[in-house]
Amino acid sequence: MNTSRAVYVSTRQNSLENGSSINMSRLIAAQQETALAATRNKMRMINVSVYYGSFQALIDINLDVPEHRITAIIGPSGCGKSTLLRSLNRMNDLNPRARTVGKVLLDDRDIYAPGEDVVDVRRRVGMVFQRPNPFPKSIYDNVAYGPRLYGITSRRELDRIVETSLSRAALWDEVKDKLQQSALALSGGQQQRLCIARALAVEPEVILMDEPASALDPIATLKIEELMHDLAVTYTIVIVTHNMQQAARVSDYTAMMMLREGTRSGEVVEYGPTRQIFTAPRDRRTEDYITGRFG
Amino acid sequence: MTVVVRAQSRQRYLVRRITNTVMLGLTGLATVVAIIPLLWIVLYVLIQGGRFLSFDFFTKLPTPVGVPGGGVVNAIVGSAILVTLACIFSIPIGILAAIYASAHPNTRLGLSLRFATDVLSGIPSIVVGIFAYTVVVLPMHQFSALAGGVALSIIMLPTVTRTTEEMLKLVPNSLREASLSLGAPEWKTSLRVMLPAALEGVVTGIMLGIARVAGEAAPLMLTSFGNSFMNTDITHPIAALPQTIYIYAVAPYKDWHDKAWTTALVLMTLVLGLNITARLIIVWRRRKLGLG
Amino acid sequence: MSVRGQVQKRSLLRRRLGRITGHGDYPFNLIIAAAALLVVAIVIAIGYQLWSNSTLSRVAFGLKFLWTTTWDPVAQQFGALPFIMGTLQTSLLAVVLAVPISLGIAIFLAELAPEWLRMPLGFLVELLAAVPSVVYGLWGLYVFIPALVRPISVFLARYLGSIPLFAGPAYGPSRLAASLVLTIMIIPTISAVSRDVFLAVPRSQREASLALGATQWETIWQVLIPYGLSGILGAVILGLGRALGETMAVTMVIGNNLDLSLSALHPGYTMASVIVNEFTEATYPLYLSALIEIGLALFALTLLLNLFARLLVWNVARRVPQEARV
Numbered sequence: 007m008n009t010s011r012a013v014y015v016s017t018r019q020n021s022l023e024n025g026s027s028i029n030m031s032r033l034i035a036a037q038q039e040t041a042l043a044a045t046r047n048k049m050r051m052i053n054v055s056v057y058y059g060s061f062q063a064l065i066d067i068n069l070d071v072p073e074h075r076i077t078a079i080i081g082p083s084g085c086g087k088s089t090l091l092r093s094l095n096r097m098n099d100l101n102p103r104a105r106t107v108g109k110v111l112l113d114d115r116d117i118y119a120p121g122e123d124v125v126d127v128r129r130r131v132g133m134v135f136q137r138p139n140p141f142p143k144s145i146y147d148n149v150a151y152g153p154r155l156y157g158i159t160s161r162r163e164l165d166r167i168v169e170t171s172l173s174r175a176a177l178w179d180e181v182k183d184k185l186q187q188s189a190l191a192l193s194g195g196q197q198q199r200l201c202i203a204r205a206l207a208v209e210p211e212v213i214l215m216d217e218p219a220s221a222l223d224p225i226a227t228l229k230i231e232e233l234m235h236d237l238a239v240t241y242t243i244v245i246v247t248h249n250m251q252q253a254a255r256v257s258d259y260t261a262m263m264m265l266r267e268g269t270r271s272g273e274v275v276e277y278g279p280t281r282q283i284f285t286a287p288r289d290r291r292t293e294d295y296i297t298g299r300f301g
Numbered sequence: 063m064t065v066v067v068r069a070q071s072r073q074r075y076l077v078r079r080i081t082n083t084v085m086l087g088l089t090g091l092a093t094v095v096a097i098i099p100l101l102w103i104v105l106y107v108l109i110q111g112g113r114f115l116s117f118d119f120f121t122k123l124p125t126p127v128g129v130p131g132g133g134v135v136n137a138i139v140g141s142a143i144l145v146t147l148a149c150i151f152s153i154p155i156g157i158l159a160a161i162y163a164s165a166h167p168n169t170r171l172g173l174s175l176r177f178a179t180d181v182l183s184g185i186p187s188i189v190v191g192i193f194a195y196t197v198v199v200l201p202m203h204q205f206s207a208l209a210g211g212v213a214l215s216i217i218m219l220p221t222v223t224r225t226t227e228e229m230l231k232l233v234p235n236s237l238r239e240a241s242l243s244l245g246a247p248e249w250k251t252s253l254r255v256m257l258p259a260a261l262e263g264v265v266t267g268i269m270l271g272i273a274r275v276a277g278e279a280a281p282l283m284l285t286s287f288g289n290s291f292m293n294t295d296i297t298h299p300i301a302a303l304p305q306t307i308y309i310y311a312v313a314p315y316k317d318w319h320d321k322a323w324t325t326a327l328v329l330m331t332l333v334l335g336l337n338i339t340a341r342l343i344i345v346w347r348r349r350k351l352g353l354g
Numbered sequence: 020m021s022v023r024g025q026v027q028k029r030s031l032l033r034r035r036l037g038r039i040t041g042h043g044d045y046p047f048n049l050i051i052a053a054a055a056l057l058v059v060a061i062v063i064a065i066g067y068q069l070w071s072n073s074t075l076s077r078v079a080f081g082l083k084f085l086w087t088t089t090w091d092p093v094a095q096q097f098g099a100l101p102f103i104m105g106t107l108q109t110s111l112l113a114v115v116l117a118v119p120i121s122l123g124i125a126i127f128l129a130e131l132a133p134e135w136l137r138m139p140l141g142f143l144v145e146l147l148a149a150v151p152s153v154v155y156g157l158w159g160l161y162v163f164i165p166a167l168v169r170p171i172s173v174f175l176a177r178y179l180g181s182i183p184l185f186a187g188p189a190y191g192p193s194r195l196a197a198s199l200v201l202t203i204m205i206i207p208t209i210s211a212v213s214r215d216v217f218l219a220v221p222r223s224q225r226e227a228s229l230a231l232g233a234t235q236w237e238t239i240w241q242v243l244i245p246y247g248l249s250g251i252l253g254a255v256i257l258g259l260g261r262a263l264g265e266t267m268a269v270t271m272v273i274g275n276n277l278d279l280s281l282s283a284l285h286p287g288y289t290m291a292s293v294i295v296n297e298f299t300e301a302t303y304p305l306y307l308s309a310l311i312e313i314g315l316a317l318f319a320l321t322l323l324l325n326l327f328a329r330l331l332v333w334n335v336a337r338r339v340p341q342e343a344r345v
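Those sequence lines, one after another, are chains D, C and W. So the first sequence is residues 7 to 301, counted in my numbering. So the second sequence is residues 63 to 354, counted in my numbering. So the third sequence is residues 20 to 345, counted in my numbering.
Think of the hints as simulated: they come from the structure by calculation, not from any bench. Bear in mind the structure is a predicted one, so any value in this text is a computation, not a measurement. Idealized CB from N, CA, C, for every residue including glycine. It is possible that some hints are incorrect.
Pairs of lysine to any residue, SDA-like flavour, derived with a Cα cap of 25 Å [as the list claims (entries may be wrong)]:
{"no.": "1", "chain 1": "C", "residue 1": "316", "chain 2": "W", "residue 2": "52"}
{"no.": "2", "chain 1": "C", "residue 1": "231", "chain 2": "W", "residue 2": "329"}
{"no.": "3", "chain 1": "C", "residue 1": "316", "chain 2": "C", "residue 2": "350"}
{"no.": "4", "chain 1": "C", "residue 1": "316", "chain 2": "W", "residue 2": "221"}
{"no.": "5", "chain 1": "C", "residue 1": "250", "chain 2": "W", "residue 2": "52"}
{"no.": "6", "chain 1": "D", "residue 1": "143", "chain 2": "W", "residue 2": "296"}
{"no.": "7", "chain 1": "C", "residue 1": "231", "chain 2": "C", "residue 2": "242"}
{"no.": "8", "chain 1": "D", "residue 1": "143", "chain 2": "W", "residue 2": "329"}
{"no.": "9", "chain 1": "D", "residue 1": "143", "chain 2": "W", "residue 2": "170"}
{"no.": "10", "chain 1": "C", "residue 1": "350", "chain 2": "C", "residue 2": "235"}
{"no.": "11", "chain 1": "D", "residue 1": "143", "chain 2": "W", "residue 2": "112"}
{"no.": "12", "chain 1": "C", "residue 1": "350", "chain 2": "W", "residue 2": "140"}
Pair ranges (Cβ atoms, derived) [to be verified]:
{"no.": "13", "chain 1": "W", "residue 1": "162", "chain 2": "D", "residue 2": "116", "range": "54 to 62 Å"}
{"no.": "14", "chain 1": "W", "residue 1": "30", "chain 2": "C", "residue 2": "261", "range": "53 to 61 Å"}
{"no.": "15", "chain 1": "W", "residue 1": "240", "chain 2": "C", "residue 2": "232", "range": "29 to 37 Å"}
{"no.": "16", "chain 1": "C", "residue 1": "232", "chain 2": "W", "residue 2": "301", "range": "41 to 49 Å"}
{"no.": "17", "chain 1": "W", "residue 1": "138", "chain 2": "C", "residue 2": "232", "range": "17 to 25 Å"}
If you want the ones that stay clear, here's a sample from chain C, every Cβ over 12 Å from chain D, calculated [what the hints assert, rightly or not]:
{"no.": "18", "residue": "77"}
{"no.": "19", "residue": "82"}
{"no.": "20", "residue": "113"}
{"no.": "21", "residue": "121"}
{"no.": "22", "residue": "129"}
{"no.": "23", "residue": "167"}
{"no.": "24", "residue": "197"}
{"no.": "25", "residue": "198"}
{"no.": "26", "residue": "247"}
{"no.": "27", "residue": "259"}
Isolated chain D (complex conformation) (with noise of 0.2 Å):
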C-alpha cells in the first residue's frame, strides 16, 4: 500500500473520528504528497485524435494516467470530456463512425494495436457512467453478471466475490440482507455505489467514472468521493467532472480541456498536479474557467 496515500485516508479518518472539519490545507498537504510520489504510468495517451466521420471531436491529446492516482479532467460542457474518457477503453468503437488516432497505452501496450482484444481491455479498464444504470436483475445478479461471464459459476465463489464487491463499494452493509430484491428498488446514490461494485467484480485495474456524482444528491455524493480515495489504493481512477471543487476535492492530477479557439474539437490545455493547476494554474485559459470567468 502506497505510503503516502496511507497517510492521506488516515488523515481525513482521523478528521471525520474526531468530529472536526475537514481540514482543508492538510487535506491539500497530504494530496501533493502523494502527487509528487514517484508512480509509474499506468495508462498514457499519446498524440491521440478522435473522429466522428470528418468532425475532429478531439485533437492531438497527450495525457499520463499514473498508476493508483485519481486523475480528474475538467472543462465546460461540450469540450469532449466524455469523449476522450470513453477512448481509453475503447467505448467510442460502439460508434460505427469513430475513428481513433495515436495510441494508448495500457501497462505500454497499445490499446487500439490490431489484434488486441477489446473485451480484455474493457475488462481491465472498467466504467461507471453518469446515470446509474444496473439492470433489471437483483442486486446479486447485477454484481454477478461479469464473473458469470467469465465462467465463475460456483456458488461459493460468487458469493464472495459479490460480497467482496459490495464492500468495496461501501455498499455491502445496506444490501447485505436483500441481495435477491431488485436493483432498481435501491436509491440513486445507492444504485451508483452497485454499479461500481459491479465494475469492481471483474476486476479490473482501471476505473473510468464519467461525472459519477452528478444525478446524485450531495450526501451521496460525498460518499462517492470518499469511495474514490480508497478505490484509488488499490485501483487507478480517472474521473470526468464539471464539478471543479470536486476535482480539486478529490483528484491528484488534474487535465483541463477546452474547445479550441474557432473549432468544435476539444484538446488538453493545460495537465498537472491539481494543487499546482488550482493554485498556479499556467494557461490563461485554465485560470480563466478556475476561476469562473466563463464556463
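For chain D, the structure is supplied; the task is to place chains C and W on it using the hints.
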C-alpha cells in the same frame, strides 16, 4: 484477488468469441431465410403469371373450361367495387372515431374505442365474413357485393382508425392551440387544421388498409360469393380477384392453374404496389420532417 | 370593413344559434361520439351475432361440442375437436418455428445491421406481410410443397417415422405444410414488434454490459432479451393470433381432411378452413349453426389472446425501470 483473472483461460475466451461470431452470424442467416420466400413468391408469380398475361386478360370475361384465352375483367371490376364500398363505410367512420379518440382519450367511450379497435384488428377475417353473412346476406336472402363490402369495411376500419389517431397525435399541439386562440371552434380546428396536417399519414394508412382488404378472399367466399359474369349491381354476387385466384387454383384443370398465376400477378402488383408506395411516402415524410 | 365589423354583421339569430351549439361543436361532438360508439357497437354486434346464430348447435350439443370428434353432416352429428386440434397444432408449430427466426431478424436489424442496410431489409421483411393469403396458398400448393415440403416429409417419414409426430405416409398437403407456410406468414409480425422492443431498450444498458467486457452476443442474450421479455412475449402472442385466424393459405395446403392422427405429415383441418369450405354447402340450419359455433370459438380464442397480449404490454409500460430515483 486474482480469481477472475486466473479463470480467464485462453480456452474460455476463445469459446466466448466463437459463440459470439456464430450467434451473430445466425441472426444474419435468419434474415436471409426470411427474405427468400418473398423473393421466391415474387419471382414465381412474375414468371409464371407473366406467361399468359395479355391485354385480353384485363378486358375479357372468363371463358368456359377448356376454352383458352379469356380474362378476369369481372374480377377486376368486382374488386374495385368491393374496395370502394369498403372505403365508403370505413373511412368516414374511422376518421371520425379517431378524432374522438384523440380528443377524449380518457373517457369511458374513448377507452372502449381503443379496446374495440384492438379487438377488431385481431378478429380473423373469416369471422367477420360470418358476421356480414348474418346481417346482410340472410336478410337479403342472397349473396351480394354489399355484404362483401360490409365485411371488408369492418376489416379495414381498425387500420384507418388507428393510423388516423396516431397521425393526429403527431400533429404538434401548438397548431391546435393557435387555431383555438384565433377563435375557431373545436370542430373547425379538428377538420380544417389538425386533419389536413395529419393527412399524408392518414392517406398512407388508408392505402395500406386498401392493400390489405384487396387481398382478402375468405370473407368474400361467404358474402359476395363470386360471379363468372360481369356484374355491377351491388345487390348481387360479384367476382373478386383473390377469390378468382382461389377458384382457379383449386380447380382440377391445368389451364385454370395458369390463370390463377396470372390473376395472382395482377393482384400482387396492385397490393405490393400500394404497399411499397405507402411505405416510401412514410419514409420520405419522415426524412422531410427530420425524424429519421 | 374590419373583421370585427364583419363579425358583428352576422345576424342575431346566427350568433344565438352559434352560442347554443357551441359554434358547431355540439353537433360535431355528437357525430364523432356516434362514430366511436358505432365502432364499439360493431364489436359487440359481432359477438352477439355469433352467439345467437349458433344457438341451434349450442343447444343441440352443449359444451361437448368442443371435444367431440365426429363431424358428420349426413348424420347431423357435429363436433369441433378435429378442427380445434388442427388449428392449435399448426399454429403452435408455426410459432415455435417462427420465434427463433423472428428474434434473429429483430436482433440483426436492431443491433447488427449497418445503417444503410437496416431500412431496405426491414422493408423487405415487412413486405412478407403484404402478400395476400391466397397467393401464399397458391405458391404453397404448387411450388413450396413439391419443392421443399414433400422431400422433407418423405425424409422425416423414413427416418423418424416411428415417432407418431412423423408417421407417414407423407402426402402432399399436410399439417406440416400448413405450419411452414404459417411460419413464413407470421415472421413479419413477430420480428417487427420484437425489433421495436429491442430499439426501445436504453443505450445505457448495452453500454453497462459492454463496459464490463461482455461480447455483443452476451449483451443481447443476457441483458437485452430479458429486459424486453414481456414485449417479445406480446409479439409472439400477436403472431399466434394471426396464425390462428389464417384461412386461405392454410386451407389450400392442409388437405382439408378429418384425419385425427397426431402426425404432422398427414393432412388436417382447421377451424377457419372448415368454415370457408363448408359454409356455402351447409344445406340445413343445424349444419350452418355448427359452423357458426366454430366461428364463435375462433372469435373467443383470438379475443382471449388479444386480452392477454394487452396485459403484457401494459405490464411492460408500467415496469419501465425508473432511472435513479434521486
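Inset, instruction - Just tell me: holds or violated, for the beta carbon distance of residue 162 (chain W) and residue 116 (chain D) against 54 to 62 Å? - result: 56 Å, holds
Inset, instruction - Hey, is residue 247 (chain C) genuinely clear of chain D, shortest beta carbon separation above 12 Å? - result: 45 Å, holds
Legend entry - Given as non-interface: residue 197 (chain C), which should sit over 12 Å from chain D by C-beta: About 48 Å separates residue 197 (chain C) from the closest Cβ of chain D, which puts it past 12 Å; holds.
Inset, instruction - Starting from the range 29 to 37 Å, see whether the pair residue 240 (chain W) and residue 232 (chain C) falls in it by beta-carbon distance. - result: Distance hint for residue 240 (chain W), residue 232 (chain C) holds at roughly 35 Å.
Legend entry - Given pair status - residue 296 (chain W), residue 143 (chain D), alpha carbons within 25 Å: 51 Å, violated
Inset, instruction - Would you check the hint for residue 250 (chain C) and residue 52 (chain W), treating anything up to 25 Å between C-alpha atoms as holding? - result: 16 Å, holds
Legend entry - Assertion that residue 129 (chain C) lies outside the chain D interface [Cβ separation over 12 Å]: Per Cβ check, residue 129 (chain C) is outside 12 Å of chain D; nearest 61 Å; holds.
Inset, instruction - Take the C-alpha atoms of residue 143 (chain D) and residue 170 (chain W), compute the straight-line distance between them, and say whether it is at most 25 Å. - result: 46 Å, violated
Inset, instruction - Would you check whether the claim that residue 77 (chain C) is not at the interface survives, using Cβ distances to chain D and the 12 Å cut-off? - result: Nearest chain D Cβ is 9 Å from residue 77 (chain C), so the label is violated.
Legend entry - Given as non-interface: residue 259 (chain C), partner chain D, CB spacing beyond 12 Å: Answer for residue 259 (chain C): holds, closest chain D Cβ roughly 34 Å.
Legend entry - Proposed proximity, residue 52 (chain W) with residue 316 (chain C) (alpha carbon, max 25 Å): Violated, because 53 Å separates the two Cα atoms, which is more than 25 Å.
Inset, instruction - Would you check whether the claim that residue 82 (chain C) is not at the interface survives, using Cβ distances to chain D and the 12 Å cut-off? - result: 9 Å, violated
Of the numbered hints given earlier, the model fails hints 1, 3, 4, 6, 9, 11, 14, 18 and 19; all others are met.
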